[in-house]
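K.L.:
Based on the hints, put chain H in the right spot on chain W.
Chains W and H are the protein sequences, given in the same order. Remember, my numbering sits 10 above the position in the first sequence when you count from 1. Remember, my numbering sits 718 above the position in the second sequence when you count from 1.
Hints are supplied without guarantee of correctness; some may be wrong.
Derived lysine to aspartate or glutamate pairs resembling EDC-like cross-links, with alpha carbons at most 16 Å apart [unchecked claim]:
hint, chain 1, residue 1, chain 2, residue 2
1, H, Lys1150, W, Asp89
2, H, Lys1041, H, Glu831
3, H, Lys1044, H, Glu800
4, W, Lys88, H, Glu1147
5, H, Lys767, H, Glu800
6, H, Lys856, H, Asp835
FYI, nobody ran anything at the bench for these hints, they're computed from the structure. This structure is a prediction, so every number in the text was calculated from the model and none was measured.
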Amino acid sequence: MAVIAEPVAAQLKRASLWTRAFESRNFLGAMFMVPAIAILILFLAYPLALGFWLGMTDTKIGGAGRYIGFQNFVSLSKDSVFWLSVFNTIFYTVFASIVKFAIGLYLALLLNERLPFKSMIRAIVLLPFVVPTVLSAIAFWWIYDSQFSIISWVLIKAGLITRYIDFLGDPWNARWSVVAANIWRGVPFVAITLLAGLQTISPSLYEAANLDGATNMQRFRHITLPMLSPIIAVVMTFSVLMTFTDFQLIYTITRGGPINATHLMATLSFQRAITGGNLGEGAAISNAMIPFLVAAILLSFFGLQRSRWQQGGRD
Amino acid sequence: MSDFDRRSLLKAGLGGAALLAGPGIVPVRAAEWTNTPEPNASIRVLRWKQFIQAEFDKFAEQTKKFSEKTGVKVKLEAESWEDIRPKAAVAANVGAGPDLIIGTLDDPHKFPEKLIDVTDVADYLGKQYGGWYPVAEKYGKKGNGWIAIPQGATGGCLNYRISHVKAAGFDEFPKDTAGFLKLCQALKKNNTPAGFALGHATGDANGWCQWALWAFGGKVVNEKNEVVIDSPETIAALEYVKQLYETFIPGVLSWNDSNNNKAFLNGELSLTLNGISIWTVGKTSSDPKQQEIAKDMNHAPMPIGPVGVPTEQQNVLVYYGYKHSKYPKAVKEYIKFMMDKENYDAWEVSSNGYVSPPLPAYNDNPVWTSDPKITPYRDCLKRCRDNGYAGDLGYASAAVMGDFVVVDMFAEAASGSATPKQAAARAAERAKRYYQV
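Bound conformation, chain W alone (with noise of 0.2 Å):
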């Protein structure tokens, strides 16, 4: 068969096109933004809808599944285990939160201040955070342990106990003792960005309340603070976020025991998806998360819409 050469025109026509699309500022713009957009699809945008979509089956480990609706929803309403987690996720997560900044910042101002060995002190701060995770969350567990423990030990000797601490055999033990490990290892995540906060206040506004006869607090409470707004909205948001999410720390050091009494949404997600073989399920537990998450997101989010407060003012 003969081929039949395309008119020279209209070859001229489409190579004038396409060069002029890539002169366009706007159409290459959007070309250089499709790698982005593509790994965000990809690796974000993706996932999130599949574990939208598995919370909406009956996916097994291995099976196909089908669409059950909100079954799962329904199912998990009428399961105390469930509640018990969505109980345990607020109160770690508020308790943790809120001592996590109250020892941060308190930390970040004492590090922003003329201190001898300064850097070697901020390090030793950092140090929490450095550890991988699951190092610390044995470390922990250790520490805790009914037999072995070094606080019940040292307490022993001191002549302060006359028996073993237990720390993880009783269920509110076991919650304030993976909450106080949860704050050991997030204290410097709060400590080291606030202090970078601290640091871009000008000195010159602290300079002017002394000269103004400003106490410690008033400075305080009129400079630091304000300034610090976004960068502790910041930082709360994120803190909160990876509290809420926690699953290392729990699952090395109790596995959500005693009793289910410190299983998080996430390690009970992981427990009826993995080890209970119900993807499905697991998934719902999963997608259950989100509304809380989205609300310490959008808290964040419209404070930082307000101009004024970003600037350091009052609304």
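P.N.:
For chain H alone, coordinates are given in the frame of chain W:
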């Protein structure tokens, strides 16, 4: 004379051999194996991480021998057996990963259609060595075919301090649940307590809690897979464990699978449920204190409850190959090679009896009688029930165990956070969510 020819002589001989083979005197030698691995095959094997180094070294050595003999390259990896479950699940879901996994319990029953049919391997081994223990067959079989080959069980027996049990007034270890409770109470009185994991310890907590449930006639489901755990038998088991719990060392509610080992070898525990590893580690330890403990300890099967038969739950190990493997024949050849008696026996000796065999014919290994302390581990699969008892193995049985339904029930009742009646009702509610599917 014409009726008594060579053919009839042969028939008579075979008949006699079969009669003798019945009671296990002479192994039946009728099995044939015709599998040939694919040319240039290369397989990835993921197995449970060792508790006894010599065991793993022997396993690796035999794997090397297999490669030399068959030309099949094997990449051997090991993970903590609890971490294998997620990896196995991911491999089943995405259709990639190891060609063969040596995992635990009813995991293969969660994704049977993803697995290589190994009926020919099971038939060969069964015929060659006179049959499997029924519980091993249940773990390996799905319908009429086999989806997994039981490797054995990391046998769990009672580990106890001889001198402490004697001091408690028992010359021999009690064989029934009533005597067992009395022993635990006496040990507590002497300040040498017992301790059994009640935290989310997959092996140890599930092991003894299932035993207690079954010992009193309780069960999660009946033969029709209907949830029947909320029963008077379960309440009786819970009442019993409540009394046992009062005698335990403090902290068992937080224990995972390694806590009892540590406490025992530190001399704080007189009685627990564990594999043979405490004794082996103590025996080979450089610490004189641990060596002393090993000398003073012995093992016993779990006591028999009112049901009158052994009701143990054991951590059964299973080989399962994936259909996504390019070399299914090599996978089967590897399983067959590692399970062949000669290799299995040598490996068992190195492991010091760590794995209880799934084929009764393997009980003649001298390791089981080399020291009477090892012998109770030999028959673990003989005394064991599968974790789906009395129903089927599958998604629901795995989910109930994975979600610690039975362990939590006992922990609730024992710690007093719920009455036995409430705990049983709650366990039934949780189990029904899985068995209703």
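K.L.:
All hints, please: hold or fail.
P.N.:
To see whether the hints hold, each was checked on the structure:
1. Only pairs whose Cα atoms come within 16 Å are accepted, and lysine 1150 (chain H) paired with aspartate 89 (chain W) is accepted, the gap being roughly 11 Å.
2. Annotation: proposed proximity of lysine 1041 (chain H) to glutamate 831 (chain H) holds, straight-line Cα distance about 8 Å (limit 16 Å).
3. For the hint pairing lysine 1044 (chain H) with glutamate 800 (chain H), the CA-to-CA distance comes to about 26 Å; that exceeds 16 Å, so the pair is violated.
4. Annotation: proposed proximity of lysine 88 (chain W) to glutamate 1147 (chain H) holds, straight-line Cα distance about 10 Å (limit 16 Å).
5. About 10 Å separates the Cα atoms of lysine 767 (chain H) and glutamate 800 (chain H), which keeps this hinted pair within 16 Å; it holds.
6. For a cut-off of 16 Å, the pair hint linking lysine 856 (chain H) to aspartate 835 (chain H) stands: about 15 Å separates their Cα positions.
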